[in-house]
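Participant: Here's the letter readout for the chains.
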Amino acid sequence: MAADTPSAFDPQRFSRLGVGGHGGLLKLSYHSHGPDWVELQLPYQTDLIGDPASGVLASGPILTMMDMATSLAVWTKLGAFRPHATLDLRIDYLRPATPGKTVYGRGECYRITRSISFVRGQAHDGDPADPLAHVAGTFMFTDAA
Amino acid sequence: MLPPYADLLGIAVAEGDDPTLLTMPSATSLLGRPGYLHGGAIGGMLEMAAIVALQYALAEDGGGQIKPINVTVDYMRGGREKPTFARGVVTRLGGRVANVEATAWQDDPAKPIAAARMNYLIVRG
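Which chain is which? The protein sequence lines are V and C, in order. Per the UniProt record's numbering, residue 1 is the first one in the first sequence, and the count goes up by one each step. Per the UniProt record's numbering, residue 1 is the first one in the second sequence, and the count goes up by one each step.
If you're looking for bench data, these hints aren't it; they were derived computationally from the structure. In this text the structure is predicted, and so the values were computed from the model without any measurement. Please note that a few of the clues may not be correct.
What the hints assert, rightly or not - In silico DSSO-like pairs for lysine-lysine, Cα to Cα no more than 27 Å straight-line:
#1 C/K82 <-> C/K111
#2 V/K101 <-> V/K27
#3 V/K27 <-> C/K67
#4 C/K111 <-> V/K27
#5 V/K101 <-> C/K111
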């Protein structure tokens, strides 16, 4: 899916560059983006299970995806890469992810100030109207403002 | 005892007397930006530490199932390429809800790299 407004920052290209780190371990990949949001996808994998009895994914991989999607959303809205660090991230687990299904995480940046970016997002496993997690967080730019 | 996700990250119970103290070795597959641990890996470890602490507390209190309601993670310092430790503390274990805190550190427990607060729903047997 193409962005409505072209941004100098390309989250699809940036996501490919970053496959060697923790995102690569979880097989996280780019799905789509818009002017101030980025959606990533996390395929279901048995080695990401948190509850062996039910086969439900651990919450950690979803937290990682939302951290990454919201981080990419900041740079996409900004139109450039700028180093920053997660200050805080809160996740509400609305329901368990369905075993076997790919989870999609959409992060949105709704405000950028001199040193802080404010983000929110949701994760779902096929139907955006039936989200499984909701997140809110902040990032702080780590270069001199 | 720890789930597949913990194994993937290399999270294990630390040697010693405390079965709720977890360790995670340094690995390039845990990095976000070069030289620093991914916030998601740290958050995932904090959640694991909280679950372990809660399972111990619950086992001594009649047992039951736990379901995560939410987590809030505060990142205080960048995690570097060295072993990370984490421990959960059950602040309150009620009939239906548990409040759990977890802290992660590297060199010095007094200098945490991140901390989390979690609410869990308890389903008593």
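Participant: Each hint needs a verdict: does it hold in this structure or not?
Facilitator: Structure-based check of all given hints:
1. Using a Cα cut-off of 27 Å, the hinted pair C/K82 and C/K111 holds, with the two alpha carbons roughly 14 Å apart.
2. Taking the CA atoms of V/K101 and V/K27, the gap is about 14 Å. The hint holds against a cut of 27 Å.
3. Of the pairs offered as hints, the one joining V/K27 and C/K67 holds, with about 25 Å between alpha carbons and a cut-off of 27 Å not exceeded.
4. With a CA separation close to 32 Å, the supplied pair C/K111 and V/K27 exceeds the 27 Å bound.
5. The suggested pairing of V/K101 with C/K111 is violated, with an alpha-carbon distance near 39 Å, which exceeds 27 Å.
Hint compliance for this structure: hints 4, 5 are broken, all remaining hints hold.
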